[in-house]
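Here is what each chain is made of, one letter per residue.
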Amino acid sequence: DVKVTQSSRYLVKRTGEKVFLECVQDMDHENMFWYRQDPGLGLRLIYFSYDVKMKEKGDIPEGYSVSREKKERFSLILESASTNQTSMYLCASNPGLAGIEQYFGPGTRLTVT
Amino acid sequence: AQRVTQPEKLLSVFKGAPVELKCNYSYSGSPELFWYVQYSRQRLQLLLRHISRESIKGFTADLNKGETSFHLKKPFAQEEDSAMYYCALSALGNYQLIWGAGTKLIIKP
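Sequence order for the protein chains is S and C.
So the first sequence is numbered by the working numbering: it starts at 1 and just counts up by one.
So the second sequence is numbered by the working numbering: it starts at 1 and just counts up by one.
Source of the hints: derived by calculation from the structure; they are not laboratory data.
We put the beta carbon where it would ideally sit given N, CA and C, even for glycine.
Hints should not be assumed to be uniformly reliable.
Claimed, not checked - Straight-line Cα separation of at most 16 Å, EDC-like style, residue types lysine to aspartate or glutamate; simulated pairs:
| # | chain 1 | residue 1 | chain 2 | residue 2 |
| --- | --- | --- | --- | --- |
| 1 | C | Lys9 | S | Asp38 |
| 2 | C | Lys104 | S | Asp38 |
| 3 | S | Lys18 | S | Glu79 |
As the list claims (entries may be wrong) - Some chain S residues flagged as far from chain C (calculated, every beta-carbon gap over 10 Å):
| # | residue |
| --- | --- |
| 4 | Ser8 |
| 5 | Tyr10 |
| 6 | Val19 |
| 7 | Ser67 |
| 8 | Gln85 |
What the hints assert, rightly or not - Label-pair ranges, simulated between beta-carbon atoms:
| # | chain 1 | residue 1 | chain 2 | residue 2 | range |
| --- | --- | --- | --- | --- | --- |
| 9 | S | Met27 | C | Pro109 | 33 to 41 Å |
| 10 | S | Asp38 | C | Ser28 | 25 to 33 Å |
| 11 | C | Gln2 | S | Thr15 | 31 to 39 Å |
| 12 | S | Glu69 | C | Gly66 | 43 to 51 Å |
| 13 | S | Asn84 | C | Arg3 | 17 to 25 Å |
| 14 | C | Glu79 | S | Ser80 | 43 to 51 Å |
| 15 | C | Gln45 | S | Gly63 | 26 to 34 Å |
| 16 | S | Thr15 | C | Ser26 | 32 to 40 Å |
| 17 | C | Glu8 | S | Thr111 | 27 to 35 Å |
| 18 | S | Gly40 | C | Leu46 | 33 to 41 Å |
| 19 | S | Leu41 | C | Asn94 | 15 to 23 Å |
| 20 | S | Gly40 | C | Arg53 | 29 to 37 Å |
| 21 | S | Thr113 | C | Pro7 | 17 to 25 Å |
Working from the sequences, and respecting the hints, build out all of it.
Here's what the structure looks like:
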């Protein structure tokens with residue numbers, strides 16, 4: 001079974017703080033993704049990575065950065081958290097083939113106060 | 001532009017009634033289409049994909065290229081079908097998925 005884990009299930013941070021969300025997958029997948037999930041907006045891609053140290057911006061990268069130093073780990077960084085970044089963050093991975101199922105982590109519910 | 005539209009944010013039906021969750025897409029090529037489901041407090045997971053032509057948990061979905069639709073259907077809804085459903089599209093050669101906004105399905109007893 002593919003296992004995608006995220007470091008925190010719930011997180012509360014203050015405005016202006018630097019926030020790190022960690023994602024780890026154990027299936028040697030090339031691709032990893034970070035999404036925001038908001039009611040009525042579906043899933044919006046923030047960044048994805050197709051290899052170690054390789055990344056591409058998704059639809060809403062502003063205010064976020066990512067790091068992929070090891071194949072199994074993909075980190076999402078909020079440089080200076082703002083209240084409009086309060087959301088559910090989902091990490092996903094899949095093998096390096098187009099049109100293949102994405103496997104999701106349980107999500108991190110981030111609240112910025 | 002590639003787009004996936006799920007016109008219903010919320011769909012509520014009685015147990016035993018038929019269910020149809022609508023998905024329309026905009027893409028000029030041959031898409032790969034998926035339905036994902038998220039049950040309460042569980043992670044998002046694949047329900048089915050059009051290429052496999054399977055029936056999963058009684059659900060089926062047929063790709064209609066003429067109408068650019070991929071509606072999800074089940075003849076007799078069960079209470080455990082209550083969940084959030086997302087339709088997604090993968091364009092040829094693209095790692096990314098284009099997601100619909102999702103439909104919340106509520107099955108009333």
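### Query
Against the structure shown, which of the earlier numbered hints fail to hold, in ascending order?
Of the numbered hints given earlier, those the structure breaks are 18, 21, listed in rising order.
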